[in-house]
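Peer 1: Sequence:
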Amino acid sequence: MIVLQCINIAKSFGVEPILSNIKLDIQTGERVALVGRNGAGKSTLLKIIAGQLSYDSGQVLMPKGTELGYLAQDTGLVSALSIWDEMLTVFEPLRKMESQIRAMEQQMSDPNLLADSTRYEKLLKEYDELQLTFKDRGGYQYEADIRSVLSGMNFADFDYATKISTLSGGQKTRLALAKLLLKKPELLILDEPTNHLDIETLTWLEQYLNGYKGAILIVSHDRYFLDKIVTEVVEISRTKSTKYPGNYSAYLEEKAKRYELELKQFEKQQDEVAKLQDFIQRNIVRASTTKRAQSRRKQLERMTLLDRPAGSEKSASFSFDIDKQSGNEVLRVKDLHVKYGEQTIFANLDLYVDRGESVALIGPNGAGKSTLLKALLKAIPIEDGTMRFGSNVTVGYYDQEQANLKSNKLVLHELWDDHALLPEKEIRTALGNFLFSGDDVLKPVSTLSGGEKARLALAKLMMKKANFLILDEPTNHLDLDAKEVLEAALIDYPGTLLFVSHDRYFLNRIATRMAELEDGQITNYLGDYDYYVEKKSETEQRELLKQQESNSFSETIEVQPDKQSYELEKEAKKLERQRTRRIEEIEKTIETLEASLAEHEEALCDPKIYSNHEQAQAIQQEIDEANAKIEELMEEWEELQEK
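With UniProt numbering applied, the sequence shown corresponds to residues 1 to 643, in that order.
Treat the hints as calculated values from the structure; they're not laboratory data.
Glycine residues also receive a C-beta, built at the ideal position from the N, C-alpha and C atoms.
Do not take every clue at face value.
What follows is a list of derived Cβ distance ranges for each label pair [what the hints assert, rightly or not]: (1) Q73 to Q547: 54 to 60 Å; (2) R258 to M634: 49 to 55 Å; (3) L604 to T75: 38 to 44 Å; (4) R258 to E98: 30 to 36 Å.
Go ahead and model the full structure; you've got the sequences and the hints to work with.
Peer 2: See below:
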């Protein structure tokens with residue numbers, strides 16, 4: 001079933017068109033990614049669909065009653081309630097139903113009502129129906145759902161009585177996402193949901209969304225995330241939309257194939273047109289060949305001329321170089337101790353980096369990754385330990401917040417002041433490589449967008465020609481094309497890299513070693529992100545196996561004194577497992593039957609089917625059989641639950 005249809009949506013800001021003839025269809029269960037350059041209009045389209053922004057022409061269609069959930073970019077949850085109380089607001093209808101059930105239970109215990117069998121039977125029937133509805137809507141598990149989602153969103157260690165107003169911006173954003181996930185709308189619209197999430201939380205979110213029953217429309221610059229989640233990609237480029245099947249990697253391949261094919265078709269037609277025009281020109285004036293020339297002219301006039309296929313929009317183009325090579329030992333950190341106020345961030349921390357390495361510093365949010373980088377740069381004081389850079393090491397630093405780019409200087413002077421001896425033409429060329437051209441270089445730095453500041457910070461870093469780059473979240477604020485250009489530049493970089501990133505695609509392409517910072521210590525994994533995940537999983541499996549063997553050994557010792565009691569307990573557990581498995585089987589079967597029922601009932605609404613008596617009768621018989629089977633299974637389910 002289609003849950004959203006956008007037909008020829010157009011939107012302009014002033015005289016500048018942002019979107020034109022946008023087409024988008026989303027079916028139940030589909031996961032669609034919206035991709036395109038920063039400023040292409042992705043967030044604008046999401047706001048139009050969510051009803052937060054008007055549009056100039058076209059239609060946005062959704063079936064009546066479709067519930068839509070929208071999370072805007074960096075939206076923080078604003079609430080005076082505690083974490084737990086705010087999450088409970090999602091389930092207010094269920095909580096009211098629960099209160100109603102408790103009130104009914106009290107009524108049924110009233111001796112006066114028990115004496116009136118008619119009223120009692122009526123109340124009992126209402127109670128059974130309400131209880132069944134309560135169960136079907138998740139009434140017995142909503143508190144467990146809240147705990148599960150809060151844990152997945154990295155709030156497991158929080159006191160749920162904490163007031164939301166006291167939390168940081170990133171924490172409020174994660175809570176806004178958690179609340180939206182608990183609502184489970186039929187159409188979930190997410191604009192950059194991976195911002196402020198560490199790798200562990202990202203992995204949980206991927207698993208959650210893969211099991212989500214509704215449809216998802218998502219904007220994200222996290223390519224690893226898109227590859228795991230989406231089944232279709234819609235690209236917005238030059239105000240138009242183009243649909244591609246598959247995930248992000250499949251989209252890149254298909255886009256390249258389509259461009260190549262369209263270019264060949266265009267070039268083939270151009271050759272044909274040139275031959276026809278040449279024949280007409282040479283033969284139109286000759287009496288013996290003029291008729292053939294006129295025939296060719298009519299053929300040319302009837303042709304629908306193809307436009308040259310539009311290639312990729314202009315991308316940034318840059319590379320990182322070095323003035324001189326460093327020694328083999330680039331960085332040595334020994335027994336480093338850093339505190340924040342009274343809290344120790346890490347103590348006795350060791351880190352080494354050698355020439356040519358590309359070391360990724362990873363770990364959960366709050367582990368101290370950015371703090372460690374700032375300590376290396378002496379931006380914050382250290383309590384104890386030693387830090388030493390090797391011979392000829394020159395350091396270039398990229399700050400994830402572009403903290404030093406708040407000046408009122410013009411873009412041109414922000415770069416030129418650092419390299420005053422270079423001619424203006426060379427500075428403008430460098431800025432042009434980062435897509436600052438014409439009047440763009442005369443903008444004040446403070447007015448730039450996040451993406452523009454990121455590109456300017458990278459331009460400054462490139463001009464420094466340092467042989468040791470320390471990068472804190474370098475892919476933040478960059479669009480997908482800019483990320484790929486940055487990756488290509490860093491792959492060819494002849495110096496040494498130490499960087500923090502949550503972008504797993506970037507980690508796989510760039511890192512030669514993963515340095516995991518957790519509980520104040522670094523554990524090294526010699527490989528990329530996928531290798532790290534594999535090794536972590538192996539370690540966890542080994543630990544789990546050891547724990548199970550240890551538990552098994554303890555149980556064996558404990559049960560020896562009473563073997564008969566052990567056998568009875570074993571048999572009881574076996575029966576309990578069988579009963580639980582059967583309950584799960586019944587619930588799955590009922591779910592399948594109900595889905596089939598819904599399809600059949602929908603089919604009967606089709607005029608073509610209900611006008612065909614035989615077909616309609618056959619479908620009705622299947623509906624009756626499914627209902628009978630569901631009733632039989634429900635009886636068995638109730639008996640098993642009572643046991």
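Peer 1: To test your reading of the hints: which numbers does this structure violate?
Peer 2: Result: hints 1, 4 break, sorted rising.
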